[in-house]
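Asks: Below, each chain spelled out in residue letters.
2 protein chains.
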Amino acid sequence: MFLGIENIELLQACDTQEQLASTIGALARSVGFDHWMYGLDLPIIDDRKGQYLLGGYPKEWVSHYFTQEYLRLDPVIAHCQAHATPLLWPQRDDPTKPGDRRSSAVSRMFNEAREIGLDSGVTIPVHGLGCHWGLVSFASKTHIATRDLQQIVPHLHLLAHCIHDAGRRFAPGALPVTAPHLTAREVECLHWVAAGKTSWEIGKLLNVAERTVVFHLQNATHKLGVSGRQAAVARAIVSGLITP
Amino acid sequence: MFLGIENIELLQACDTQEQLASTIGALARSVGFDHWMYGLDLPIIDDRKGQYLLGGYPKEWVSHYFTQEYLRLDPVIAHCQAHATPLLWPQRDDPTKPGDRRSSAVSRMFNEAREIGLDSGVTIPVHGLGCHWGLVSFASKTHIATRDLQQIVPHLHLLAHCIHDAGRRFAPGALPVTAPHLTAREVECLHWVAAGKTSWEIGKLLNVAERTVVFHLQNATHKLGVSGRQAAVARAIVSGLITP
DNA sequence: ACGCCGCCTGTAAGTCCTTACAGCTGTAAT
DNA sequence: ATTACAGCTGTAAGGACTTACAGGCGGCGT
Numbered sequence: 001m002f003l004g005i006e007n008i009e010l011l012q013a014c015d016t017q018e019q020l021a022s023t024i025g026a027l028a029r030s031v032g033f034d035h036w037m038y039g040l041d042l043p044i045i046d047d048r049k050g051q052y053l054l055g056g057y058p059k060e061w062v063s064h065y066f067t068q069e070y071l072r073l074d075p076v077i078a079h080c081q082a083h084a085t086p087l088l089w090p091q092r093d094d095p096t097k098p099g100d101r102r103s104s105a106v107s108r109m110f111n112e113a114r115e116i117g118l119d120s121g122v123t124i125p126v127h128g129l130g131c132h133w134g135l136v137s138f139a140s141k142t143h144i145a146t147r148d149l150q151q152i153v154p155h156l157h158l159l160a161h162c163i164h165d166a167g168r169r170f171a172p173g174a175l176p177v178t179a180p181h182l183t184a185r186e187v188e189c190l191h192w193v194a195a196g197k198t199s200w201e202i203g204k205l206l207n208v209a210e211r212t213v214v215f216h217l218q219n220a221t222h223k224l225g226v227s228g229r230q231a232a233v234a235r236a237i238v239s240g241l242i243t244p
Numbered sequence: 245m246f247l248g249i250e251n252i253e254l255l256q257a258c259d260t261q262e263q264l265a266s267t268i269g270a271l272a273r274s275v276g277f278d279h280w281m282y283g284l285d286l287p288i289i290d291d292r293k294g295q296y297l298l299g300g301y302p303k304e305w306v307s308h309y310f311t312q313e314y315l316r317l318d319p320v321i322a323h324c325q326a327h328a329t330p331l332l333w334p335q336r337d338d339p340t341k342p343g344d345r346r347s348s349a350v351s352r353m354f355n356e357a358r359e360i361g362l363d364s365g366v367t368i369p370v371h372g373l374g375c376h377w378g379l380v381s382f383a384s385k386t387h388i389a390t391r392d393l394q395q396i397v398p399h400l401h402l403l404a405h406c407i408h409d410a411g412r413r414f415a416p417g418a419l420p421v422t423a424p425h426l427t428a429r430e431v432e433c434l435h436w437v438a439a440g441k442t443s444w445e446i447g448k449l450l451n452v453a454e455r456t457v458v459f460h461l462q463n464a465t466h467k468l469g470v471s472g473r474q475a476a477v478a479r480a481i482v483s484g485l486i487t488p
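Chains as they are written, first to last, in my numbering: chain A, 1 to 244; chain B, 245 to 488.
There's no promise every hint is true.
Derived contacts from chain B toward chain A, CB cut-off under 7 Å, selection only [unchecked claim]: (1) G248; (2) H323; (3) H327; (4) P488.
Label-pair restraints from in silico Cβ distances [said to hold, decoys possible]: (5) P416(B) with V208(A): 44 to 52 Å; (6) T183(A) with A326(B): 18 to 26 Å; (7) N111(A) with A349(B): 54 to 62 Å; (8) V306(B) with K59(A): 46 to 54 Å; (9) L10(A) with G469(B): 44 to 52 Å; (10) W444(B) with G225(A): 20 to 28 Å; (11) A349(B) with Q68(A): 52 to 60 Å.
Straight line, CA to CA, 25 Å or less: simulated DMTMM-like cross-link-like pairs of lysine to aspartate or glutamate [claimed, not checked]: (12) K197(A) with D278(B); (13) K59(A) with D15(A); (14) K141(A) with D34(A); (15) K441(B) with D41(A); (16) K223(A) with E445(B); (17) K467(B) with E201(A); (18) K385(B) with D278(B); (19) K141(A) with E112(A); (20) K467(B) with D41(A); (21) K303(B) with D285(B); (22) K441(B) with E454(B); (23) K223(A) with D285(B).
Since the hints were made in silico from the structure, they are not lab data.
All C-beta atoms in this analysis are idealised placements derived from N, C-alpha and C, irrespective of residue type, glycine included.
Could you build the full structure based on these sequences and the hints that come with them?
Replies: This is the structure we're talking about:
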């Protein structure tokens, strides 16, 4: 037994980012990883720098990664966006044909990573309420056999989610944990708004007047502390109140 | 080593829900659990029955659970909505005072569950892109010591996410996996719309005419295959294109 | 009985969004 | 050179939303 559930409290008890980082670092070293990283809300297209990064990756690699815009290229990122399962890298048996321009760029990226000190590792996607998504990576300077990686993947996977639970409160723009209480009607109206219906159409669906729908949406908007229907929909979705 | 990463392919290879269910059942039994359940998009407030359920929970318990509206009461549900870490139950050392009406109802629920054949178990929250959320539960008829549960929690945690990756494609209303490509401007405009800005305000922020903002949002709406700005925001959020 | 709350409805003025028309610039690939 | 595409802008009409005013009904707990 390498890493267990008892680490939840250990990580939750950290009051500062620095304390959390050193705790994670010790855990990662104890199972043979030199580097680790926790990234949240990684922006794929836009560059408003809303992401949160924590961890012990080499600074030169992080800056190189972003200046080269590897976010758009990195297959690990693409995997984390779409899946919930860990990814072991590098994956040597890539089925893409070698003449592909994109895959050669990917190979170059992994080679550069190895030279800097990221030979092999595991990346675990983390998803959370509010459509936040991110990843936790563990990397080693030296090569680790795939079989050995597989052995500890379950523990790393759990650890990654503990890190996410403990670390996301430090991320900027974290939502207030207490979503306001909306009535059943308000939720219902918001749901149909998110589906693209107009007030009049929702009125028909719920057998009430158009004015009543407007009334409920108004109340919901106030409770959510936003202005405008679009913002209300956005806030309701990321608060988990509706799932369109 | 109980359950490893090799189960990803095993579960992904299942073509039908029945095949998937029997595979999961075999895995669960191999580590001592009599019942398991996979639930996705569980509705807390409204009852439009958009949820997806798969698994081997006793039918009588499931129907009892929903007729009693335990969804609003169940602390396991509340935990799963807000966290990414597993929950071992029942938790005997609940700090809530015994005079509380709510906590006594919770105790009653757990007692009823035990009588039906759900004595102890583990529930793992699963979150995914698109603000989908759900849970995977493993339960045993007989009591399992907390220490023994803790031993296999990492493996159950990973298995739960493999189940989620493999099972959500069967859920109704699953999103198309291929989100349309939006340009940087379109994403930028959608982001500010989700924040509650008007076209004119976004124009000021981006130093373009109001008309241009309308133009970009129009294009984005068409690409997303929806009608209306609210629906575009909703679809963009659940597709992971913006994170407000 | 009273207050509180969820739920429901109406009118009206002003603002915002949607969609149709039409047109311009610059970059990159074939 | 031609095509394609991202980005940008304008006008105008009609529909939709926002906010202000005002009011009624029923259930629940004290």
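Asks: Could you check the structure against the hints above and give me the numbers of any it violates, in ascending order?
Replies: Structure breaks hints 2, 5 and 12.
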